[in-house]
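**Student:** So the sequence lines, in the order shown, correspond to chains Z and B.
Numbering of the first sequence is given in the numbering used here, commencing with residue 1 and proceeding in unit increments.
Numbering of the second sequence is given in the numbering used here, commencing with residue 1 and proceeding in unit increments.
Among the hints, erroneous ones may be present.
What the hints assert, rightly or not - Stretches of chain B that chain Z covers, calculated by requiring three or more beta carbons in the stretch to come under 8 Å of a beta carbon on chain Z:
| hint | stretch |
| --- | --- |
| 1 | 36-43 |
| 2 | 50-57 |
Unchecked claim - Partial pick of chain Z residues on the chain B-facing surface, computed with a CB cut under 10 Å:
| hint | residue |
| --- | --- |
| 3 | ARG37 |
| 4 | ALA87 |
| 5 | LEU104 |
| 6 | LEU121 |
| 7 | ASN189 |
Note that these hints are calculated values from the structure, not bench results.
Using N, Cα and C, we set each Cβ at its ideal position, and we do this for glycine too.
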Amino acid sequence: MNGYQFGLLLAAPGVPALALVMALASAWQRGERLAARLRAAALWAVCGLAIIASGAAITGTAETMNLGNVVLAQENTRLYALLQPAAAAVYLMALVLASEDAALDAVLGPAGPARVTGVLLIAVPACGLGAVLFLGGTAGPLLPGAVWLALKSGVVFGLLFLVRRRFASLGGGPRFAIAWIACLVALLNLAITALRAAR
Amino acid sequence: MLLLVALAAALGIVLLLPPLMVARYLAGRAVIGFLLVYIALLAAPLFYAWRTRPFRDS
Numbered sequence: 001m002n003g004y005q006f007g008l009l010l011a012a013p014g015v016p017a018l019a020l021v022m023a024l025a026s027a028w029q030r031g032e033r034l035a036a037r038l039r040a041a042a043l044w045a046v047c048g049l050a051i052i053a054s055g056a057a058i059t060g061t062a063e064t065m066n067l068g069n070v071v072l073a074q075e076n077t078r079l080y081a082l083l084q085p086a087a088a089a090v091y092l093m094a095l096v097l098a099s100e101d102a103a104l105d106a107v108l109g110p111a112g113p114a115r116v117t118g119v120l121l122i123a124v125p126a127c128g129l130g131a132v133l134f135l136g137g138t139a140g141p142l143l144p145g146a147v148w149l150a151l152k153s154g155v156v157f158g159l160l161f162l163v164r165r166r167f168a169s170l171g172g173g174p175r176f177a178i179a180w181i182a183c184l185v186a187l188l189n190l191a192i193t194a195l196r197a198a199r
Numbered sequence: 001m002l003l004l005v006a007l008a009a010a011l012g013i014v015l016l017l018p019p020l021m022v023a024r025y026l027a028g029r030a031v032i033g034f035l036l037v038y039i040a041l042l043a044a045p046l047f048y049a050w051r052t053r054p055f056r057d058s
């Protein structure tokens with residue numbers, strides 16, 4: 001494990017703390033809305049941890065945190081969606097579970113142009129990062145790299161949209177359970193990856 | 001060292017408490033399905049690496 005990965009591990013407790021602070025900072029009026037905000041903070045903390053752990057597993061596999069080198073490593077070996085399928089699935093499911101309507105209602109307000117803009121500001125970079133980490137980003141024949149990146153980001157975004165619609169009716173309890181299992185699997189995957197990289 | 005202990009304690013609280021709270025949902029069909037899928041995805045590349053491990057004559 002190198003210094004960067006240790007830093008990522010160190011950041012792990014910071015994610016729930018940051019989510020909590022953000023939820024509390026937006027809680028101007030006390031009352032029933034506060035509980036919903038805390039619930040949203042807990043959900044996003046779990047999903048953030050899962051995403052960080054899967055990203056750290058990718059840096060352990062590629063042995064670099066440079067995204068350009070992550071793409072090169074996938075060109076020279078295999079797409080990390082194949083080498084790290086658990087990390088890829090956890091990344092996608094964490095994004096899906098985090099975009100719960102109830103949580104967005106509590107923190108960002110009712111559905112409308114402002115909320116859609118806010119969600120897109122997070123979802124589009126997240127899909128781009130997912131495309132780079134798991135689908136090879138700019139790598140591909142014939143077309144320029146930027147076009148490949150846009151295409152792959154579009155694929156991730158479409159997948160996110162479809163899976164999100166499939167699990168829109170999932171209740172709060174099962175949603176938390178699935179998110180926590182995803183988080184634990186991501187941390188287990190990170191530990192296995194670090195052990196295999198150190199050997 | 002102190003930092004590591006604090007990190008371990010924080011991770012322990014963060015990771016153990018909520019699973020206990022959501023444990024009553026673990027028997028649900030969707031949750032068990034996801035658990036199985038995650039474990040299969042985790043095990044598949046490890047199994048492939050084990051099957052294609054290089055031969056060592058020692």
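**Student:** Check each numbered hint from earlier against the structure, then list the numbers of those it violates in ascending order.
**Tutor:** Checked against the structure, the hints that fail are numbers 2, 3, 5, 6, while the rest are satisfied.
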